[in-house]
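> These are the residues of each chain, in order.
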Amino acid sequence: MLAFLLRRLLGAVPLLLGILTLIFFIVHLAPGDPTARFYSPNVAPEVIEQMRRNLGLDQPLHVQYVKWLKSFLTGDFGYSFGQMRPIGELLPGVLWNTLQLTLVSLVLIFVLGMLIGIVQAVRQYSLADNLLTFVALFFYSMPTFWLALMFILFFSLKAQQWGWPISFPASGMSRVGAEFLPLHAQLWDRVVHLVLPAAALGIGSAAGVARYMRGSMLEVIHQDYIRTARAKGLGEARVIFRHALKNALLPVITLLGLYLPFLLSGAVLVETIFAWPGMGRLIVDAIFQRDYPLVMATSFVIAAVVVLGNLVADVLYALVDPRIRAE
Amino acid sequence: MIAHPFSPRAPHGWARPAALVLLLLLALAGCRDPDDARSAQAAGDGEGATPERGGVAVLAEHIDINQPMPLVFESNMDGDLQDVLYMALTRGVWRDGRLVYLLADESPMALAERYEYAGPDSAALVYHLRGDVRWSDGQPITAHDVVWTYQAVRDPRTASPRQDYVEHIDSVVARDDSTVVFHFAHRYPEMLSHSGLGIAPRHVYQDADLAQIRSHPTLVNPDQGRLVVSGPFQIGRWDQGQQMVLVPNPHFRPQPHLDQIVIRVIPEATTRLVELQTGAVDLVRPVPHDQIPTLQAQGERIRLEREEKRQYEFIAYNPAAFAPFADAEVRRALGLALDVPGILRALQMQDYALPAAGPYPPIFRDLYDPERMRPLPHDTARARQILAAKGWRDSDGDGVLDKDGRPFRFTLLTSAANPRRADVSQIAQQQWKRLGIDARLQQLEFNTFFERLVGREYQAALGGWAVGLSPDLTELWGEDSPFNIVDYRNPEVSALFRQALAQPTEEAANRYWQAAAARLVQDQPYTWLYYLDQVDAVSNRLRGIKIDTYGAYQNTWEWWIPEALQRGTPTRAGAAPADSPPSAAASGDTAR
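If you're matching them up, the sequences are chains A and W in order. Just so we're on the same page, the numbering used here is the position in the first sequence counted from 1, plus 887. Just so we're on the same page, the numbering used here is the position in the second sequence counted from 1, plus 206.
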């Protein structure tokens, strides 16, 4: 197992370097320039030239590439052109913000999705199954940004106007002055702020997971060994959760591998709408500002998470399926 | 949004020669009629009410601060923050259609008590500074800070976007701690403006490498008062991309009424407005025009403030890329075909926009001339006549005019980031189609769009400019300017520009600018579409706020919130300040 992990990790190194090299040249060849934001009638071309020199953009592209590669390999992501601060200082905070959001919604996606899927499979063709199918398809087909806006409209604005017992904040990670609250109040404040964005981010995917879970569960439930398990007198819960679920998990694990990186980069819209200061917004801003070092650093993080996500999925396969372990 | 999101703007953009700035989505740059502001204030404040101490004002902006420093500030947001953080020799305000410079007796943000013109042709300005002002770290503010600031802006290593300020300045000399002399190359109208930069603290930056000034420790981590400032507030806390907390600068007089100003970054316009309606924020700018009716329905809780028509949108025609555009009459016909008032009604903008006639929006009292410069009427019959007289007819019956075998077909570019312009370009396409003109639409990402404009790689483009408060037209229409995106050349106009620039005073220059503008309008290098208001929304909690030409942040020390409406102000001890009511303090409105 350890050898397998090492092999996979080593294999990822050239892959990551290849991806980053490609991205480096693509962003540099894209039209526009980090100094373009200074381009205005009041700023002389010489000033722009000096800015380019200060940022090292006057050098040939291959020289810039070698320089970037050198500092990258020593773990230095450089300075963000847009925010003029070390990316190493900037990234961890933003990454943590995104992780809070995406991990919560990941849990939501899989716990909710799997539960619904199981219920649907066990009660196939029942009213509950049909109803859940309808609801799942509804949320699955709604665009995230629309859901996000509807959540804000109902659970923030209308909830307050109509005097519901609880309304959720529409934006940000914490309320103004939260840093002075006691720890438990700060935590609660964060949870309250997480509800809408995590739900908006996760609910569509949860519906997707539910569909997969239902299909895969149905397949397993009709197998002979399930009938055997029931025949030897096991309780229904044990049959479902112990015998059927474990075998029905494989396709869902594939989804997990796919969703991990999506959650980092796919949160752009949700982060923008809920003013959540995470990776998605950082990446988009960096691209629009042609903030090359920041684009490279964020691309690296995402590429690394893609590789890692696949690795995690592979390891989980092995855990649930002894046949894969044996190979 | 945002005048070009990264362009120098607001107070400091006003005065300088033609601070014309590309508009992206909703322009940020603002200005307003002072009467308007006063009346709004009176209505909102309850006239004569005495300001009460304490409270936290929460503002929602769509982008974060970038560079909170006078030498290098970049975006409109940075420009706004300059009004809060730094004093300058004089303080500009927009009064009755003119830019006026206030001294210390009228504005606590002005360093100078008085100034006088000196030298043989009055090409020097002598400023006398107040002696009682201090930086937020307690050091006195002196003439040497002024000298250092101008040296640093001039130094090419700084690569300061404010270098145009020092273009005509020969030297800046401190005669003593409280007297500073600006020597200009010649007398010209904008001497006061150009000596009005925000002043930076010399003692903090004098040993810094100017080429790396943007990553100076005080700028990377400006919070907890590390950034040394002179204005009413300093930076208490900065969570990048999230919020900036401003706290009073203990050395500024008069002391601000508020305990804190929190500037939150909320990129999505709808979310900003919901937060205003739920009471989580107190000021939102700008408000998209289509959201205004919703806010108006809120009644007295929210008042809408108008920043007056200083932006215009236009369609530019590039003759180099599409030969028929070389003819001024054809361009006029294209303009006549457009029903601008109809467009404004269709987009529900009629209350906040005015059909445009030329390069000077109506706020320029001395320059805007409604008699000489009228918007083109919507007159399709006349447009048809012109095109027919120029030999354009539909000879092959395909519905598109043609001439010498070539169809009247071109591509109209616009930036994808602006939904309003996408709508306008579609309406224009339809209205031209009735005349047999075939416009193809293309939307581009903003940077690419801008590059194509400045590179003159387009046939027609729908864009917008935010106009500086200086009358200078050369930045957009000068023969050598890269922002002359249609490559407009007219010797008569160029001669008028030269005469205008040679005048010592604004009054003398204005008639040349006006004549040049009138000639420009005759040539119709653009179809000027409309002048736009920016609309801001303010919660009724927040009083004393003055929003005018100088932006929304110009008098932060005068803002206040009635005690009964103050939210609990969190302090380090977790308690509310003594003067706030216990209920507001205890509720902690977690879910808001």
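Be aware that one or more of the hints could be misleading.
Unchecked claim - Partial selection, computed: residues in chain A whose CB lies under 7 Å from chain W:
no.	residue
1	Gln937
2	Met971
3	Arg972
4	Gln987
5	Ile1039
Unchecked claim - Which stretches of chain W does chain A cover? Using the computed rule of at least three CB atoms under 8 Å from a CB of chain A, they are:
no.	stretch
6	467-477
7	538-547
Think of the hints as simulated: they come from the structure by calculation, not from any bench. In this text, all values refer to a predicted model and were calculated from it rather than measured experimentally. Using N, Cα and C, we set each Cβ at its ideal position, and we do this for glycine too.
> Decide, hint by hint, whether the structure agrees.
Here's how the hints hold up against the structure:
Look at Gln937 (chain A): its Cβ gets to within about 4 Å of chain W, closer than 7 Å, so that hint holds up. At its closest, the beta carbon of Met971 (chain A) sits 4 Å from a beta carbon of chain W; the interface hint therefore holds under the 7 Å criterion. Checking Arg972 (chain A) against chain W: minimum C-beta separation of about 4 Å stays under 7 Å; hint holds. Among the interface hints, the one on Gln987 (chain A) is violated; its C-beta lies about 13 Å from the nearest C-beta in chain W, farther than the 7 Å criterion.
A hinted interface residue such as Ile1039 (chain A) counts as satisfied when its beta carbon comes closer than 7 Å to some beta carbon of chain W; here the least separation is about 5 Å, so the hint holds. By the rule of at least three residues with a Cβ nearer than 8 Å to a Cβ of chain A, the coverage given for the stretch 467-477 of chain W holds, with 8 such residues. By the rule of at least three residues with a Cβ nearer than 8 Å to a Cβ of chain A, the coverage given for the stretch 538-547 of chain W is violated, with 0 such residues.
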